[in-house]
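If you read the sequences in order, they're chains A and B. Residues in the first sequence are numbered from 1 upward in steps of one, following this note's numbering. Residues in the second sequence are numbered from 418 upward in steps of one, following this note's numbering.
Worth double-checking, as some hints may not be accurate.
[To be verified] To spell it out: a stretch of chain A is covered by chain B in this simulated footprint if at least three of its residues, at any positions, have a beta carbon under 8 angstroms from a beta carbon of chain B; those stretches are:
| no. | segment |
| --- | --- |
| 1 | 39-47 |
| 2 | 227-233 |
| 3 | 290-297 |
Source of the hints: derived by calculation from the structure; they are not laboratory data. From the three backbone atoms N, C-alpha and C, an ideal C-beta is built for every residue, glycine too.
There are 2 protein chains.
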Amino acid sequence: MNAEIVAIGTELLLGQNVDTNSSWIARQLALLGVDVYAFQQVGDNEKRMEEALKLACGRSQVVITTGGLGPTVDDLTRKVAAKVGQKTLVYYEHIVKEMEARFFRSGRPFPKSNLNQAFIPQTATIVSNPVGTAPGFILKVGKSHLICLPGVPREMKAMFEATVKPFLKGLEPATGIIKSRVYRTTGISESRLNEVIADIFESSTNPTIGVLAHPEGVDVRLTAKTATEEEADKLIDELGKILITRLPNTIYGLNEEELESIVGQMLTTRHMTLATAESCTGGLISSRITKVPGSSNYFLRGYVVYSNEGKSDMLKVDPKLIEKKGAVSAEVCKALAENARTQSGASVALSTTGVAGPSGGSAEKPVGLVYIGLSDESSTQTFKFLFTGEREVVQMKASQAALELLRRHCLGLPLGD
Amino acid sequence: MNAEIVAIGTELLLGQNVDTNSSWIARQLALLGVDVYAFQQVGDNEKRMEEALKLACGRSQVVITTGGLGPTVDDLTRKVAAKVGQKTLVYYEHIVKEMEARFFRSGRPFPKSNLNQAFIPQTATIVSNPVGTAPGFILKVGKSHLICLPGVPREMKAMFEATVKPFLKGLEPATGIIKSRVYRTTGISESRLNEVIADIFESSTNPTIGVLAHPEGVDVRLTAKTATEEEADKLIDELGKILITRLPNTIYGLNEEELESIVGQMLTTRHMTLATAESCTGGLISSRITKVPGSSNYFLRGYVVYSNEGKSDMLKVDPKLIEKKGAVSAEVCKALAENARTQSGASVALSTTGVAGPSGGSAEKPVGLVYIGLSDESSTQTFKFLFTGEREVVQMKASQAALELLRRHCLGLPLGD
């Protein structure tokens, strides 16, 4: 079974919105074993929409559209789908009743224009919308199932989950599925990682391996094509084990997991508490940590010691030390971590000081130079990094490196290379 | 002149990558007066690529492809373009020389597979790649210009700017262009904003008006279709003036401008300095402020007083006050702002304390309740907000509201409603 996704909306073709719906639907289809043939995006233009839907229905067994189901004259999906399927539009009283009830509950007046949304191509199955007014529908067009959903992501997703997914599962048994898992690494460069896995990268055809670099680290994606989800998991597990052996201690999480959540879990289970002292990262570390629900269980406080006076005043760093060694130095970094820990009473503290750029660099202390410190009851260690990239990238890399030090500390792994 | 964009890559159809290249190209084309007919995305599949390119070249005068120009066997764009254009592939010695030189400069060995990138369809114009190895090309296919660029955004953009843009400008005089400008607001709800501009929203056809809500606020986009960029600017200016009158004091910036940069400029020109005291935002405000280059000129320090002890210890908030009124209270918020300012010596200080959720809420102090304080030499004021959304959304909204208070303070605008 193959499918095609058609996103409708002039704003897409003007580049004002990026079509993220198609990617989301494609991921769901891959898991259902439905092969995606192509995406198309067209504007709110009757002729072009008709052309796109005819093309899609002529070559794909399942065609999913998003957008064009709103109440205005620009919303043409109902009309064009009816034309392509050679049906007339039928007015459904019960759709109006449901819309009226929804507006009534929200205390807003019911706009007349919404009546347009009650017209559905004859013989189509109505896909109800649990979170908005516009219903969708499924229409048989030749050998194709044309499935029309709204463009609002929240509504589209809810309708896909509730109605489209079971519908697709009922169509025909999937002959195979595609599943992937991402292994997230940090602290290793893309080229180094490629070297380390070059042979399995070349030889592995199922799962395939993909590598993608971000400021936070390098992701390795394993994608398996198998008959069932269980088989895919098994193949991915096997190659994943090899990956873990090749990349000891550098994989911090899977899929969408973020380092701040991973570290948060570790601090929680170990009954540890944390404080931060940030200069060049300006609060980014504490901000990332406190995005995690429940972080008040382990995060005590953060000192954003942006100015030299802040460093001396808030964390008692000797002004003479700053003058002698400079604010960006291992010595100041060490004092920041140590004093943040002792003043807060936290079991561990992180510190950063560096040159985030774009200005402020020198031959001796270039843009991208960052010292990161970690202090616990027994010792305080500092590490020197030289990050590349623009200001925000340097800050992100520094925050990631600091959290990675903390992860390694929690696991009892060596902190340095 | 109309155009069509074809993005190539199986990872797109698996939903692993979102195609942002097409949107970027579409925005450039709109400014050049080129009407975009459609987008297509296809996998690295010879048959489907051929089908997509034939379709595109049959209906659009300009067809731009991205992706499939790498050195591996999966990279089929050269081959398929040659087939669709009925040309043979020609080996260009000078492309190899340039690639070898690039590898030599970077100190890496030259991989044999890169020789594939030296094959270009006969009669095509080569589009050189200033930032990578893969060259692109422009091939006449019937009445169409088929322009093939790499998928790496940085390379694609550089090649578009340097070669494709001048090429398109030379093709035929544009009969009109599309230009937009975004007016960014905060502190007004989408529904309230819609009410305020309902009549101009209905009556204005050129520019058209689009409204888009984010956690940071509501963007209003004006899009004009005119003969020249100057005319578009004029029409947008005129409607923009009406918009500014309708939305007094709520527009903080244009297009991609962010509130932290706007506020940074204001603090700089006014020779003001800033400190922050953050509880529920956990360093997000200081992090946003210090993302701006040059923020060390006005940002002195931040206190991330996440725990109650942090509040008392770092900013001398009376523990009895916290016990009596609660950490989330106007009184504690006021003390935080006031003491952050006096301790740091900053001319102004911001403070936050609230319930970011998902847990920790009560009937009296629900999730989303946030107090924000602003202290200057003459007074300290606090404001109560009730934000909706998940934890990160509440934190983002709170940080935005705090920065907006500071913007209003700098401009001498009323802080409350």
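Point to revise | Earlier hints that do not hold, by number | key: 2
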